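> Which chain is which? The protein sequence lines are A and B, in order.
Note that the working numbering has the first sequence beginning at 66, numbered continuously upward.
Note that the working numbering has the second sequence beginning at 66, numbered continuously upward.
Source of the hints: derived by calculation from the structure; they are not laboratory data.
Check the hints yourself; a few may be wrong.
No copy labels: a pair is met if it fits in one copy or bridges any two.
[As the list claims (entries may be wrong)] Cross-link-like lysine to any residue pairs, in silico, SDA-like; alpha carbons within 20 Å at most: (1) 212 to 229; (2) 251 to 297; (3) 212 to 71; (4) 140 to 259; (5) 212 to 316; (6) 193 to 105; (7) 193 to 106; (8) 140 to 184; (9) 257 to 160; (10) 193 to 175; (11) 212 to 257; (12) 193 to 205; (13) 193 to 327; (14) 140 to 249; (15) 140 to 98; (16) 193 to 268; (17) 193 to 333.
Treat the numbers as computed from the prediction; the structure is a model and nothing was measured.
Below, each chain spelled out in residue letters.
Number of protein chains: 2
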Amino acid sequence: MTEDTMQVACFGQPGSYSDQAMQAWFRGRSVEASYCDHFEEVTAAVAEGRARYGVVPIENSSTGGITEVYDLIRKYRCAVVGEKCIPIEHHLLGLPGAAIEDIHTVYSHPQGFAQSREFFRQHPAWEKIPYFSTSKSAERVAADGRKDEAAVAGRLAAELYGLQVLAENIQTNRSNFTRFFIIAPKMETDEKADRITLIIAVPHRPGALYHVLGYFFYGGMNMTHLESRPMEGHPFEYFFHIDVTGRLDDPSNAHTLRGLESMCSYFRILGNYASDRGGQP
Amino acid sequence: MTEDTMQVACFGQPGSYSDQAMQAWFRGRSVEASYCDHFEEVTAAVAEGRARYGVVPIENSSTGGITEVYDLIRKYRCAVVGEKCIPIEHHLLGLPGAAIEDIHTVYSHPQGFAQSREFFRQHPAWEKIPYFSTSKSAERVAADGRKDEAAVAGRLAAELYGLQVLAENIQTNRSNFTRFFIIAPKMETDEKADRITLIIAVPHRPGALYHVLGYFFYGGMNMTHLESRPMEGHPFEYFFHIDVTGRLDDPSNAHTLRGLESMCSYFRILGNYASDRGGQP
């Protein structure tokens with residue numbers, strides 16, 4: 066490892082969608098990746114300084130926010146330094162020579178099953194086994210060497226583990242993207258930054274969220290996402306994870322955020338980074 | 066079955082938390098329950114008239130909204146006729162005579178693992194196998210008859226399947242509730258109704274959600290929950306599932322909702338029912 070090589074903790078395995086996001090975001094830079102089976106290994110590695118960056122999925126355009134990751138980023142106080150949107154194309158992968166009629170058991174990450182729900186409704190007899198990740202499912206099917214097993218994963222995983230595509234593009238929604246966060250221990254921002262991610266909580270009184278959103282509207286900051294997460298130990302109170310357009314070094318945006326902070330019982334800016342639409346219009 | 070017996074499709078198994086919610090909500094009424102392994106069986110049974118009511122978990126106070134259920138209720142156009150909050154107390158259950166040192170494999174619903182995350186961090190070597198429901202996990206451990214297997218489930222399941230509590234109250238959050246929806250094909254409301262659940266989508270322009278929430282604030286309807294769910298085929302656009310205080314037969318609330326509807330690209334009222342806090346303050 067040279068001094069310039071960066072340690073990156075990446076969810077999933079070589080060949081996973083997270084791996085694709087990492088390769089795309091760090092293109093041209095020297096990276097030493099450590100792959101993690103669990104989201105928490107990524108956030109812990111970043112928070113504890115064992116990795117300079119981490120790569121985790123945060124939201125899928127069909128199945129929504131990956132709520133455990135929201136909670137881990139909050140818990141480990143990670144910063145967000147970038148995002149990458151990757152088009153998701155799931156295939157049913159089997160051993161070379163296997164046919165779709167041979168299949169009895171399918172491995173995938175639960176999100177892989179959820180995003181391919183319509184396809185699996187046509188195959189109710191198959192046993193669907195939740196597994197660590199789509200790519201790890203592909204690796205397992207290759208290692209088991211059984212013609213009655215299949216995995217739901219991407220084409221990169223098929224190539225990497227020598228599997229054959231038995232059914233192509235099985236995801237329910239043909240316009241399916243996953244958004245990944247590049248996380249770090251501290252914020253990093255540059256001249257391309259145009260999106261701010263923050264977490265707030267508001268006092269338990271009528272209109273509190275309404276008034277907070279007013280700061281964004283009157284401050285000209287467009288909210289692109291709002292995810293509510295429960296506050297542990299305070300049943301039915303919530304954190305709001307919010308994405309808005311803006312720059313922290315813009316005096317108007319900074320003024321807006323200061324006003325907003327005064328209304329909040331919890332307020333933390335996670336990052337200001339360049340938005341990515343993954344080639345969508 | 067007499068004419069007065071109601072068919073109810075209930076998620077999970079006898080002894081599950083959903084079963085507890087059903088027993089509590091229908092107390093004193095004659096019910097014939099059919100238990101379902103998958104959320105979609107419940108929503109489909111209700112939508113297709115095979116069950117008069119359905120019982121599904123919608124939100125947990127530690128792990129948040131059960132997003133698949135939100136999406137199914139929207140997709141099957143179910144109405145919400147009631148809610149029930151049940152305190153969740155997870156235990157580690159094993160065979161009679163088993164000790165915690167014997168355990169190698171633990172079955173539970175993924176939510177059972179997520180809600181007991183801290184406990185499982187102390188037992189990293191155990192294999193955690195996701196299963197249909199907490200109660201079905203208990204049933205499986207009883208059926209397998211192996212001392213190295215355990216389940217995460219409630220006390221009712223322990224009693225029903227003859228298992229022993231190996232570790233008590235293992236959920237991370239001691240104040241842990243799950244909120245259940247009672248669903249039906251059509252809305253039903255009565256004089257105790259004080260909460261309205263609706264789904265909206267707003268045009269893709271700055272401040273749209275802010276202006277919508279203004280209707281609630283100025284109309285004196287307090288928003289108690291907001292959950293954003295992706296709109297399939299429209300990457301990074303959202304439905305908002307909203308709970309507010311109010312009554313549909315209150316002229317002021319009705320006026321507020323009419324104004325709000327005029328701002329929305331999608332608007333559907335799911336129900337007006339009596340709120341339940343499960344005995345919380």
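> Taking the hints in turn, state whether each one holds.
Now the hints, each set against the structure:
| no. | hint | verdict |
| --- | --- | --- |
| 1 | 212 to 229 | within (11 Å within a copy, 40 Å between copies) |
| 2 | 251 to 297 | neither (25 Å within a copy, 34 Å between copies) |
| 3 | 212 to 71 | neither (40 Å within a copy, 46 Å between copies) |
| 4 | 140 to 259 | neither (25 Å within a copy, 35 Å between copies) |
| 5 | 212 to 316 | neither (62 Å within a copy, 64 Å between copies) |
| 6 | 193 to 105 | between (24 Å within a copy, 16 Å between copies) |
| 7 | 193 to 106 | between (25 Å within a copy, 16 Å between copies) |
| 8 | 140 to 184 | between (36 Å within a copy, 17 Å between copies) |
| 9 | 257 to 160 | neither (44 Å within a copy, 59 Å between copies) |
| 10 | 193 to 175 | both (9 Å within a copy, 15 Å between copies) |
| 11 | 212 to 257 | neither (49 Å within a copy, 58 Å between copies) |
| 12 | 193 to 205 | both (14 Å within a copy, 17 Å between copies) |
| 13 | 193 to 327 | neither (49 Å within a copy, 44 Å between copies) |
| 14 | 140 to 249 | within (14 Å within a copy, 38 Å between copies) |
| 15 | 140 to 98 | neither (23 Å within a copy, 40 Å between copies) |
| 16 | 193 to 268 | neither (43 Å within a copy, 38 Å between copies) |
| 17 | 193 to 333 | neither (40 Å within a copy, 34 Å between copies) |
Hint compliance for this structure: hints 2, 3, 4, 5, 9, 11, 13, 15, 16 and 17 are not met, and every other hint is.
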